[in-house]
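S.K.: The listed protein sequences correspond, in order, to chains G and A. Residues 1 to 649 in the UniProt record's numbering are what the first sequence spells out, letter by letter. Residues 1 to 649 in the UniProt record's numbering are what the second sequence spells out, letter by letter.
These aren't lab readings, by the way, just hints derived from the structure by calculation. None of the values given here were measured: they were computed from a predicted structure.
The list makes no distinction among identical chains, and a pair is therefore deemed to hold if it is satisfied within one copy or across any two copies.
Dumping the calculated BS3-like pairs for lysine-lysine here, alpha-carbon to alpha-carbon at most 27 Å:
hint, residue 1, residue 2
1, LYS70, LYS576
2, LYS380, LYS55
3, LYS77, LYS576
4, LYS51, LYS70
5, LYS51, LYS534
6, LYS335, LYS348
7, LYS53, LYS77
8, LYS53, LYS469
9, LYS348, LYS380
10, LYS576, LYS534
11, LYS380, LYS70
12, LYS606, LYS380
13, LYS469, LYS51
14, LYS55, LYS472
15, LYS286, LYS416
16, LYS416, LYS288
17, LYS380, LYS416
18, LYS244, LYS348
19, LYS606, LYS416
20, LYS55, LYS469
21, LYS380, LYS77
There are 2 protein chains.
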Amino acid sequence: MVADSKTVESSPAISDLTSPVTILPSDHALLHPTIEIHRVGLPLKISSFQKFKYKLSEIFFSDDPFHRFKNQSVLRKWILGFQYMFPILQWLPSYTLQHLRSDLIAGLTIASLSIPQGISYAKLAYLPPVIGLYSSFVPPLIYTALGSSRHLGVGPVSIASLVMGSMLSETVSPTDEPLLYLRLALTATFFSGLFQTCLGLFRLGFIIDYLSKATLIGFMAGAAVIVSMQQLKGLLGIVHFAGKTQIIPVLSSVFHERREWSWQTIVMGFSFLLFLLTARLTGLKKPKLFWISAAAPLTSVVLSTLSVFIFRTSVSEISQIGTLPRGLNPSTINKLYFHGPHLGLAIKTGLITGILSLTEGIAVGRTFATLQNYQVDGNKEMIAIGLMNMAGSCSSCYITTGSFSRTAVNYNAGAKTAMSNIVMSSAVLVALLYLMPLFCYTPNVVLAAIIITAVIGLIDYNAAMRLYKIDKLDFLACLCSFFGVLFLSVQMGLTIAVGVSVFKILLQVTRPNTNIMGNIPGTQLYQCLSHYEKAQRVPSFLILGIGSPIYFANSTYLQERILRWVSEEEERIESKTATTLRCIILDMTAVTAIDTSGIDALRELKYTLNKRSLQLKLGKSEVLEEFSTSGLYLTVGEAIADISIAWKP
Amino acid sequence: MVADSKTVESSPAISDLTSPVTILPSDHALLHPTIEIHRVGLPLKISSFQKFKYKLSEIFFSDDPFHRFKNQSVLRKWILGFQYMFPILQWLPSYTLQHLRSDLIAGLTIASLSIPQGISYAKLAYLPPVIGLYSSFVPPLIYTALGSSRHLGVGPVSIASLVMGSMLSETVSPTDEPLLYLRLALTATFFSGLFQTCLGLFRLGFIIDYLSKATLIGFMAGAAVIVSMQQLKGLLGIVHFAGKTQIIPVLSSVFHERREWSWQTIVMGFSFLLFLLTARLTGLKKPKLFWISAAAPLTSVVLSTLSVFIFRTSVSEISQIGTLPRGLNPSTINKLYFHGPHLGLAIKTGLITGILSLTEGIAVGRTFATLQNYQVDGNKEMIAIGLMNMAGSCSSCYITTGSFSRTAVNYNAGAKTAMSNIVMSSAVLVALLYLMPLFCYTPNVVLAAIIITAVIGLIDYNAAMRLYKIDKLDFLACLCSFFGVLFLSVQMGLTIAVGVSVFKILLQVTRPNTNIMGNIPGTQLYQCLSHYEKAQRVPSFLILGIGSPIYFANSTYLQERILRWVSEEEERIESKTATTLRCIILDMTAVTAIDTSGIDALRELKYTLNKRSLQLKLGKSEVLEEFSTSGLYLTVGEAIADISIAWKP
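Hey, can you work out the whole structure from these sequences and the hints?
M.R.: This is how it looks when you write it as structure tokens:
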């Protein structure tokens with residue numbers, strides 16, 4: 001709270017000065033032996049085209065992707081270019097047998113997770129279970145060639161599946177018109193891939209930054225609750241279930257259809273849920289035992305299938321997956337839906353699921369890259385994920401991205417390169433070719449248990465508590481998107497999340513902080529009075545710190561707020577001391593940018609104040625001439641010293 | 001360009017130091033006699049409820065409206081409260097005869113302007129001309145009692161009329177269903193008043209700040225061109241005119257219907273247009289002759305009506321207004337449309353015209369208040385304008401606000417108080433009661449000429465050029481909204497204007513400046529290297545200035561950009577000198593706020609850099625503990641001095 005100094009200077013503090021200030025040259029030297037008045041430098045003259053170019057390059061090429069090509073031979077440039085496009089060319093040449101062994105183990109581990117997950121998530125999107133398996137075969141292969149993350153485990157994810165399912169099923173019933181529904185899902189996947197690729201190509205990756213972490217935490221938690229509620233259908237064996245996703249109709253339908261509850265399903269479901277949750281907890285508590293949580297889903301599928309098969313005559317109540325087609329992904333180019341009344345729906349669904357899956361995929365990629373200290377290129381990841389979805393939509397896959405659970409398992413299992421994705425694909429290939437008949441007796445209830453276990457990890461209670469502690473507004477945003485998803489709809493929740501995020505930025509820009517500053521005795525430092533107890537007001541001066549760049553969105557507010565500070569200060573002085581306010585100094589250190597409205601506001605302020613010397617640091621503009629060099633100082637200390645000298649009688 | 005110092009210090013500059021730094025205590029004292037290391041003060045502990053309360057009060061009560069009620073007796077509080085609600089109570093008691101004389105002259109002058117304007121703008125909104133006169137009678141009376149501006153001239157304005165007309169006529173034809181159209185216009189006015197009042201009551205006035213001046217300049221200019229093009233119908237005497245507002249269909253319809261051009265109309269129209277434009281120019285060039293431009297519209301109406309009346313047999317080609325009903329505003333409470341298929345349209349139109357007219361009214365009010373050095377209370381103006389529109393919608397008035405042309409004339413004519421609005425109302429009342437039959441022969445072509453003359457002032461070429469000179473991005477935003485209005489539609493143009501404005505804020509927040517800073521030799525000042533030629537790098541240190549608060553929207557960018565600066569610096573050092581980079585100092589002076597994502601980003605950055613001592617100034621959070629006091633300094637100079645001492649061998 002206190003700005004203590006390690007060594008104390010003996011010269012009197014500037015705040016001891018009384019007004020009107022009378023400083024003789026010698027006094028002045030005594031007060032501040034090192035006080036010099038520096039001329040404020042204007043920015044170097046650069047053409048506005050160059051400025052514009054710099055601005056654009058910061059927006060679109062802030063990562064300087066062409067840096068590596070500088071000063072290279074033509075051949076080398078081609079090689080680097082290919083390596084840039086296909087990161088596999090970077091690591092494949094130096095790939096060793098040791099890498100292969102690690103990747104083999106990791107790949108097989110995520111395969112054991114991804115087969116039951118694929119089937120489950122496809123059901124979440126109201127798609128045939130086999131689509132989920134197809135989606136774990138083609139996209140990982142493409143990502144291996146194009147992606148820049150070494151640990152990303154690619155496949156269907158719960159949030160995107162849920163959103164796609166809930167958006168499409170609002171218009172087209174997946175049970176009444178399964179073919180149309182499938183076509184729309186594939187088309188939405190195509191558009192989401194196209195959108196993702198375009199974002200990457202046009203280097204617009206930064207738009208996913210507008211989804212703040214705080215609102216995402218709320219959205220994810222809300223979606224997890226919604227998904228878990230949906231699983232009550234499978235878990236309780238209910239046949240007639242609510243068509244809506246909101247929590248109220250779902251719960252009321254659960255209790256209205258009590259007669260449909262099947263005790264066999266319930267017993268089986270809850271025992272496997274218990275088993276899966278225990279395995280998950282074990283994996284969380286002891287990271288070395290991650291394989292328990294990784295293997296649990298497949299174990300559950302195998303065990304439940306076996307038990308249903310053995311007791312197949314007496315457990316007819318338990319609904320089962322049924323026959324799955326054997327064979328590789330069939331082509332679905334001719335199934336894409338480019339004409340017709342539902343095209344708009346497909347595009348909209350594609351955009352929303354596209355941006356959601358990008359957000360998840362890139363966040364996951366970045367998280368694990370930080371752990372191993374390498375960088376993931378956001379724009380290139382978008383192209384990789386986008387192309388893999390476009391290719392997927394032509395080969396019976398629905399939307400995929402980097403999945404948190406798979407990536408965590410992949411990382412813990414010791415994956416070294418994206419090769420583990422190829423291993424996983426091969427394992428899925430074997431399953432598609434030979435193991436499909438085995439899933440015939442797999443009960444749906446175990447899939448519901450797998451989904452619940454997976455999405456429970458999305459409820460990040462600790463992160464929400466942390467938000468509450470650090471930033472109440474962030475927490476409020478989090479709550480808004482949580483309850484939006486829960487009580488309105490997934491899309492509304494998402495809209496609220498984006499709206500609140502953007503509104504928060506706007507609010508912070510619209511209402512910047514302004515602080516009265518004072519001198520810390522014995523120094524040339526000027527700090528916020530409310531922040532530093534030792535800081536003291538300088539008589540006759542009002543020093544205001546402006547806390548943000550001045551834009552059109554805050555220029556009016558700042559202008560009025562500064563005038564209010566001035567009148568408050570005048571009232572305070574009137575009641576207490578005999579001095580008068582003679583000069584207002586604006587500390588513009590934090591004003592790193594100013595637009596035309598900001599300049600107008602400063603000009604009007606100067607006109608209104610009709611007072612002396614505002615200290616400014618700003619770019620070229622005629623406003624500089626108005627304030628003239630005498631009104632511009634490099635530091636608050638220099639401004640006070642110079643003005644005090646001018647006030648000598 | 002250069003930071004010259006007025007007095008030159010003799011001690012060696014810190015940038016002369018070589019690395020590894022060896023500073024003995026005495027050396028250190030010699031180098032910087034006043035260097036002290038200050039402990040960074042944490043913000044005073046205030047409860048998060050208080051913080052939240054402060055934040056909310058800054059958002060909603062930044063003008064401190066309750067300030068005047070402090071320390072007053074109960075009776076005085078009541079009086080002040082009434083005066084706050086009805087500003088007329090503030091100035092009426094001290095109203096003098098001299099004031100009345102000034103206001104009488106000003107009121108009659110704006111009446112002479114507002115009668116022809118009212119008729120013309122009503123036609124712009126496809127409403128019966130008399131509605132425009134009604135709208136100049138009731139709303140000014142209400143504004144006089146409630147408004148806080150002394151010079152605002154209230155009445156219909158061109159932009160809001162145009163937008164209302166183009167939005168409503170897209171769905172409902174004003175010629176085929178005139179009654180329904182009128183009802184929708186009144187209902188839209190009601191909702192716009194309701195919306196404006198709510199904005200004021202809930203103190204959300206700041207949302208109009210999101211429409212940047214730059215985009216408004218473009219929007220206004222585009223709208224002015226569109227309105228002028230629409231007047232070609234009247235000016236050329238065309239009967240079958242394009243139903244759309246975009247420039248291409250309008251121009252093509254003008255040339256397709258060449259047979260309908262009427263030379264009598266054209267001759268009359270262009271002569272009056274010439275007369276009006278000359279009068280306008282005279283008023284602009286010599287502000288003392290403002291009354292010429294103010295009286296010109298009424299003169300034109302009188303002259304044209306007279307000439308049509310005299311030559312009425314031979315000028316049958318020229319279309320005329322026709323009979324106008326005599327009498328006061330009829331009540332239209334029962335005409336408001338609260339049920340039915342077009343309710344949504346009415347609400348939407350109300351919202352958009354409401355926000356547009358607020359923007360115009362408040363900007364005009366503020367501009368003229370600044371000239372006379374008084375303040376206009378934004379939120380109270382919203383309530384006044386909102387209530388006057390709600391009352392207007394019940395008494396045959398369509399949307400009104402503070403009009404730029406009327407206010408300018410009012411101000412120049414020497415108005416002292418809002419009483420001039422009452423004078424204008426009375427003059428309009430006389431016109432409504434006794435002069436209506438005189439308008440029967442008024443030709444429509446002269447109204448078209450009046451509209452063109454009025455809207456031409458909205459094309460602010462100089463402001464656009466100024467934008468081009470100062471800020472290319474602002475100019476681009478201006479062009480976008482200009483061409484959006486011209487080639488798409490008024491609403492699209494407005495959407496683009498808002499979108500570009502918001503996107504500009506987001507972009508500025510997303511891509512803040514980062515600069516390498518250096519020491520100005522002989523001082524403790526650290527400034528941007530590219531800005532100050534004299535500033536020199538400090539060996540072994542990389543000093544980066546962060547140019548904005550750190551939010552979720554820029555935390556990823558900043559993290560990656562800082563890493564890029566570091567690697568670029570390392571490359572530069574490698575190629576040139578033998579020293580190594582040992583410490584990165586972040587100058588957080590401009591980082592006036594940081595959210596949870598920002599803190600996470602700094603933590604990750606610290607983890608990635610795995611280097612020493614980042615200088616930070618930020619609010620309470622656990623990140624502070626991680627950096628510990630040794631990593632936080634009050635100034636860059638102190639950080640360098642302290643770290644250099646620690647490096648002593």
